[in-house]
Structures are given as C-alpha cells and as structure tokens.
Amino acid sequence: MGRHRRALRQVSQYGIIVFLLLLCAYFAYATGGKFASPTNIANVSRQIAINMILAVGLTFVIISGGIDLSVGSVLALAGVISMSILRDGLSIDTTVFGRHFEATLIPVLPILIGLPFSAVTASLVGGGLGAFSGFVITRFRVAPFVATLGMMTIARGLSFVYTDGQPISPLPTAVRTFGAGEHAVGPFAVPNLVIVALLIVVLGHILITRTNFGRYVYAIGGNEEAARLSGISVSSVKLRIYALCGALAGLSGMLLSTRLASGDPKSGAMFELNAIAAVVLGGTSLAGGSGTVLGTLIGALVIGVLDNGLILLNVSAFYQMVAKGFVILGAVILDQVTRGSE
Amino acid sequence: MENTNGTPALQMKGITKTFPGVRALSDVGFEVRRGEVHALLGENGAGKSTLMKILAGAQPMDSGEILIDGKPVHITSPQKAMELGISIIYQEFNLVPYLNAAENIYLGREPKAAIPGFVDFSTMYSEAQKVIDNLGVKLNVRTPVNRLSVAQQQMVEIGKATSRNATIIAMDEPSATLTDHELESLFALIHSLKEKGVSIIYISHRLEEIFQIADRVTVLRDGHYVGTKDVSELDKDEMIRMMVGRELKEKIPKQTCEIGDTALEVRSLNRKGVLEDINLKVRKGEVLGIAGLVGAGRTELARAIFGADPIDSGEIILDGKAVNIRSPRDAIRLGIGLVTEDRKSLGLILGMVVRENISLANLDALTKLGFVNHREERRAALQFIEDLMIKTPSCEQQVQNLSGGNQQKVVLAKWLFTQSKVLIFDEPTRGIDVGSKVEIYQLMNRLAANGAAIIMISSELPEVLGMSDRIVVMHEGRITGELSREEATQEKIMWLATGGE
Chain A
1 MGRHRRALRQ
11 VSQYGIIVFL
21 LLLCAYFAYA
31 TGGKFASPTN
41 IANVSRQIAI
51 NMILAVGLTF
61 VIISGGIDLS
71 VGSVLALAGV
81 ISMSILRDGL
91 SIDTTVFGRH
101 FEATLIPVLP
111 ILIGLPFSAV
121 TASLVGGGLG
131 AFSGFVITRF
141 RVAPFVATLG
151 MMTIARGLSF
161 VYTDGQPISP
171 LPTAVRTFGA
181 GEHAVGPFAV
191 PNLVIVALLI
201 VVLGHILITR
211 TNFGRYVYAI
221 GGNEEAARLS
231 GISVSSVKLR
241 IYALCGALAG
251 LSGMLLSTRL
261 ASGDPKSGAM
271 FELNAIAAVV
281 LGGTSLAGGS
291 GTVLGTLIGA
301 LVIGVLDNGL
311 ILLNVSAFYQ
321 MVAKGFVILG
331 AVILDQVTRG
341 SE
Chain B
343 MENTNGTPAL
353 QMKGITKTFP
363 GVRALSDVGF
373 EVRRGEVHAL
383 LGENGAGKST
393 LMKILAGAQP
403 MDSGEILIDG
413 KPVHITSPQK
423 AMELGISIIY
433 QEFNLVPYLN
443 AAENIYLGRE
453 PKAAIPGFVD
463 FSTMYSEAQK
473 VIDNLGVKLN
483 VRTPVNRLSV
493 AQQQMVEIGK
503 ATSRNATIIA
513 MDEPSATLTD
523 HELESLFALI
533 HSLKEKGVSI
543 IYISHRLEEI
553 FQIADRVTVL
563 RDGHYVGTKD
573 VSELDKDEMI
583 RMMVGRELKE
593 KIPKQTCEIG
603 DTALEVRSLN
613 RKGVLEDINL
623 KVRKGEVLGI
633 AGLVGAGRTE
643 LARAIFGADP
653 IDSGEIILDG
663 KAVNIRSPRD
673 AIRLGIGLVT
683 EDRKSLGLIL
693 GMVVRENISL
703 ANLDALTKLG
713 FVNHREERRA
723 ALQFIEDLMI
733 KTPSCEQQVQ
743 NLSGGNQQKV
753 VLAKWLFTQS
763 KVLIFDEPTR
773 GIDVGSKVEI
783 YQLMNRLAAN
793 GAAIIMISSE
803 LPEVLGMSDR
813 IVVMHEGRIT
823 GELSREEATQ
833 EKIMWLATGG
843 E
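Protein chains in written order, with my numbering: chain A, 1 to 342; chain B, 343 to 843.
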C-alpha cells in the first residue's frame, strides 16, 4: 500500500509535467500545427505570463495557509493608475473648502523612465492594498477568504471611481511596443512579458527556498501556533506575504495594460480563479505548508495551454470552462488520494 | 465485593486495553450499585478516562466483560451505550452552542410533527421544560446554550442524560469549573438522582468532595485496579496512599549540580481565572519541578512566562532585571525556551524536515541579508542529531516519520540551538519509551551542569521526585506548597496537589 501511494505521489509530482507535454503534443497534432506556430506560441506565452505572475504571489499566500481573492481587482486598479500616470502624469486639480488647488506632482515622463516608473507605481499600489488585507487578517483575525473578498470589491470599485468607468486610452504607441513586443534572447525572439514573468518565477523561487522569510511562510502554513512558539512573528510575516502577493498583482496589472494598450477598470475579472487553479495544479496544498514556485510555473502553463488549445480547436467558450473545471478537479482529487494516508 | 443491594447496576470485569506502546488498563474490575455514588480515583494517566471511554462505547476494549443489571452487554458504539442507559458527561460538554437547551436535550431524536420532516416544537419545549424542572433547576429551555453559565450547561447535559432514562451517569470532573454555590446545587441534584435509583460514577481530583458525596471509592493506579472501599472507612491520607503507593521503578540518573544565582523570578503573576498570585524562583544549575494534577494551571504558568498567553499582572525578572515579555519571540530573545507538552501540535512542524525544525527558533542566526546559510544549517542539524543520538535516516527526513522519543529530541535540539538560559520542560517524557526518557534526563543534567535553569512540569511523581532539586506544587491556579528534594515524598506532593489543608 505504502509503495503504491509513494509511486502515485511521484506520478502526481511529475505527472503534471507529463500531462503538460501530452497536452501540447495533442494540440499540436489536432490543430494541424497551428498550436505550435511561432505566432501562436508567442501569443499564448504572453497570456500565460500575466497569470503566472499572479500565481507566484498566490503561491506564497496559499503555502502560508491563506488565500487571496482580490488579485484580479487589484490588478485592474493598479493597471489604471499606472497607465494614467504614464499618459497624464499625476496632478492635483481640486477645490477644497472653496480654495482651489492645482499642482503637478509627477509630470508626463519620457517613456524609457515612464515605463519602469509606472511598473513601480503599480507594484506599490498593489502592495499597499495587499498589506491592507494582511493587516485586516492579522490585526482583526478576519478569515483571509473574507478579508480578500472585501478587498476584491473595494479595489474593483476604486478602479471604476478612478476612471469614471472609462478605459485609460489611447496610450503612447511606445507602451504597446513594450507590452506586445519581443526581445531577442539568443536565436529566439522572446516576448517582453515572458521575460518579466520568468524573472519573477526565478526571484520567487529563490525567495521561498533560500531566505528565512520563505522558511517562515512554510512554517506558518504547516503549523501556525508552533511557528509562533518558535519565535516567529506570524503577523508581520503574513502582512509581508499579502503585500508581496498584492505587489505582484499590481505589476501584472501594469503589464496587462501595456499589452492591451489600455488601462481597463473591468480587466482581471475572474483572474484570481485561474491563478489559484495554477497554484493548485502545481502541487501546492490549499491546506498550507507545502508547495513550490516551480510547480506553479507548470500549473500556469497547463491552464494557458488548455485555454488556447481549446480555442484553436473551436471548442465553444462554454465547454472550455467545463473542461478546465474538470482538469482542476482531477488534479486536486489526485492530490487528495496520494495524501490520504498521511 | 459483596452485593448488599442485589445485582449491581454495572459490572466491568477484567477490562484490558493497550495502546501502541502503552498498557492503559490491565485486568481492571469496577462495579457500581444501583442508586450509588461511586467515585473513581487515580492520578493522571491512571486509566480513569480510558475506562470511561470504554463504558461510553467511544473506545473498544481488548478484552473483558461488561454486565448491566447482571446481563452481559456489548457496547460497540456511543449510541449503543445510550440505549443501555449509560450517559457520560465529559468535562468538555457535548452541546451545540447556538441551539437552545431544549434543542440540545432532544438533539437527534426531536419529537416529530404530523408532517414528515418537521419538528413538533411545542411538545419538545414542554417536555424539555419538564425534564429541567424535574431536576429542580431554574432555567428557560428556550435559551441558547451559549448564553447559559457553565453550571447551567452542565444541568442541560444532565437533563439530556435523564431524558434518555439513563440509569448510569458518569461525570468527569464535574466540579472543576463550578463555584461553591453551584457545586451545592450539583450535589443536591446528585442526591435526588440517587433517590430515583440512578447510579453515578463521579470522577474528581478534589478529595474533599468525595467525602461529601460518594458512597464508595475505587482507585486505579497505572492502569491497574488497586481497590474499592467504603468512603466511611477511609481518610484522606489513606486515599492518597492508595493512589500513589507504588515503587519507584525507573532509576532516574539525577546529578546534582552547583546551584548559582537566581536566573528567573516570577513575582505575583496573575491571569484571571487561570493563575493566582504566582511567585517562584529558579536558579542557575537548578531543576525546579512543578507538580500538580491536570488542570492545576502548570501549563498555563509555563505559557504565561513564555509570553504565549497574556497576563493580567505580575513581574518577570531575568538575571536580576525586570523584563517585558509580550510574545514568544521576546522570550526567546531573552534566552527562555519552552518544550511544549503537546509536541505534535505545538512543538514541531510535522511536514518539515528534521533540519528545518531544529533551526526554526534560531533561523535568524543562520541568516545573512535574508539568505539562509544552508551549509551552516545542515552542519548544526547533523551535530545535534549526533549529540542527542536522534534516530533518523538523514536530516532531510520529515519529523512526522520519527518515533515519539526522537521527535522530542528534535524539539530539544531546537531549544539547545537557541542556547536558552532558562528552559521550561512541560511533560518532557510523556509518551516516550524508557530509553529515550533516560537520555532526556541526562540531557537535563548536562544543561544544568552548564548553568541553565530548568523548570520541569511533570505529572509523573517518580520523575518529579527523581529529577528536581526543589518542587513547587500547584492546585487550581495557585501554588499550594514548596518542598525541598530531601523532604519531598509522593504523599506530600499528592496532599498539596489536592488542595493541601
């Protein structure tokens, strides 16, 4: 029995990679090569990049035993704020108590400075919102599900307030050139977004495997009280976890907006579910305490390939959702079965 | 045991129960007469709870026989026990907090209305009110249970039992959380149940109560039957002798060390309802034993010193300086370590490997600029594995796969690694094999010899007597006495642990 379980466990760890390869092979064959065409691959990988960055942040949250439902909305708010700064700069033009204030805080920056600046702004906005969720969770002992559900609505609402419901566009053409553009890495033209996403994966992997912060994330997810009694400041670690997740959501918001050349307050709806699915498919336990960033990388690839392949096969959007749901269920059931005896 | 009242209501014969590595009950006999209050006595771990769990159908026995009114019965499940008229009232009540008293009394067997699936609430409320009134208790059965006092909740539990026509009611420490006045009402209720022919099994650590309420006493010790006596022919000393009268089996390798200055002092520490005016000192090189029965507040004291629970008032003085400990993090920085009683849920992170558990409380020392020095961490872990002879295939083994003794050694390694100056051990050898026990005692000796101050909480009297240089005894959140190593005996400790004068 034990041996079977162990075998099954190994399959489920590497099985997801096997599954990914089979899926790619099948779509390449079934779409008559369309799936494997360079344009499609570039296109798919750009979509995956956004979900992957979100999912890396969520991996930290989920390993710590929490959840963050607000990433999609935070993405939208950070997206519109960063795009408006990129387009208009930041100025105050308001009347308080009959006195008129007008000041330019941030001018419209040249694009080479403006892009990194807006990325940092988006991360700060997202990080701030995440820290707020973390504060609510640790200070008032609100369940992460509920706290981030609240933040999900708050951030979505704020992004509509900020934009009056209108997308931020048009944007300078250079923005789209970055978001949809590519960069030569050796013989390959790799989309810029993919480069950023892979960088985030590598940094996330290092953070969770090599730093004391990463260790504390696992410890809190594995046994919060034991972690506290070992002198870990659980509240401050949790706060940083949610801030990190929010910052990555903010960054994805900025990246997505550059790709679409528009800061859309409606963007990111349901993105949290795709990101959570990627984390879970990657072998991270929703119960907390175990998981890897590299697993999440694979999980995000599976979700992205599945979405894209089904579109290319002209499967209706409705059935796509059904198929994706079953894949997620299957992966989680497999995880439960292999975990069973522990 | 002669039967003066005809057939006993309950007979348990030759009950044996083994848990992995421990014989919890061996060949225990127990009988209760109709309309009798029978006290079940014994130290922590004597086997009282296990015996009651078997009676309640919550745990199967390995061998033995149970007879009710002289007829052999097979109690295979809690439902079966209830059908046979057995009700157990545990210390932790089995009540649903948001349902009212009547709904709790009839939970799972609500009176049915004419329409299938609906509950006949009016019958339920009137019947439940009758049950409660019959107990002589003033209580509205429409009150949600979470708004009742502990004493009232207990009455609801008893009402649940009587409404099922229970003929045997076992009460596990029913008085632990009651005020004196509430206790009087409980005793009055027990008397009236007794008159109705209900047999009561009464488990309590408070010997005075047993003299007040019980007719007979059965004493268990280390899972063995010691004897049954009429309360009228016993006094407190003799009861204690029956409970503790055992040989010191294990040789405890105590080494007395040179005792230095005061390392830690606790001054008038209070925590409402838990700890009352605690004063104690422990010196460098000294092992201070803290004895007491379950619920005496020993673990709570350890947690309060360690900053794991908040305190209402009091001072903690470390090396002559008053310190402010508001979290375990503060305590650890000040050089205090706590080896918790429950290592699986509090001491270890089971899904983590040995190396990670050992370094957990001292990871910052291994970290530079946020990065953990894995080589150094591994080296330290391997050193402790060798030093403490932790049996593990490698330092990359998950601790959940280790035996209890080796898990405990991992916890100890964690605190050794922090180089704690004051170490609090809470039941350090519970559930551990004899070999590992001796190693843990030797480790304590070594720590004391190196100048550490050790506070050891233990329910095992031989361990307390064998390892401590000084013993403090607690009872209901207070310190009831202090004994030097020379003057301490099992009887004296038990006397203080049951309240002293």
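Note that these hints are calculated values from the structure, not bench results.
Among the hints, a few may not be true.
To be verified - Pair ranges (Cβ atoms, derived): (1) B:F713 to A:G325: 57 to 67 Å; (2) B:R788 to A:S236: 32 to 42 Å; (3) A:F140 to B:R827: 45 to 55 Å; (4) A:G150 to B:K578: 29 to 39 Å; (5) B:D672 to A:T177: 50 to 60 Å.
Computed from a predicted structure; not experimentally measured.
We treat Cβ as the ideally placed atom computed from N, Cα and C, and that holds for glycine.
Now the hints, each set against the structure:
1. B:F713 to A:G325: 57 to 67 Å: violated, 40 Å
2. B:R788 to A:S236: 32 to 42 Å: holds, 35 Å
3. A:F140 to B:R827: 45 to 55 Å: The hint (45 to 55 Å, Cβ to Cβ) holds, given that A:F140 and B:R827 are roughly 49 Å apart.
4. A:G150 to B:K578: 29 to 39 Å: Violated, since A:G150 and B:K578 (Cβ atoms, about 59 Å apart) do not stay within the stated range.
5. B:D672 to A:T177: 50 to 60 Å: holds, 54 Å
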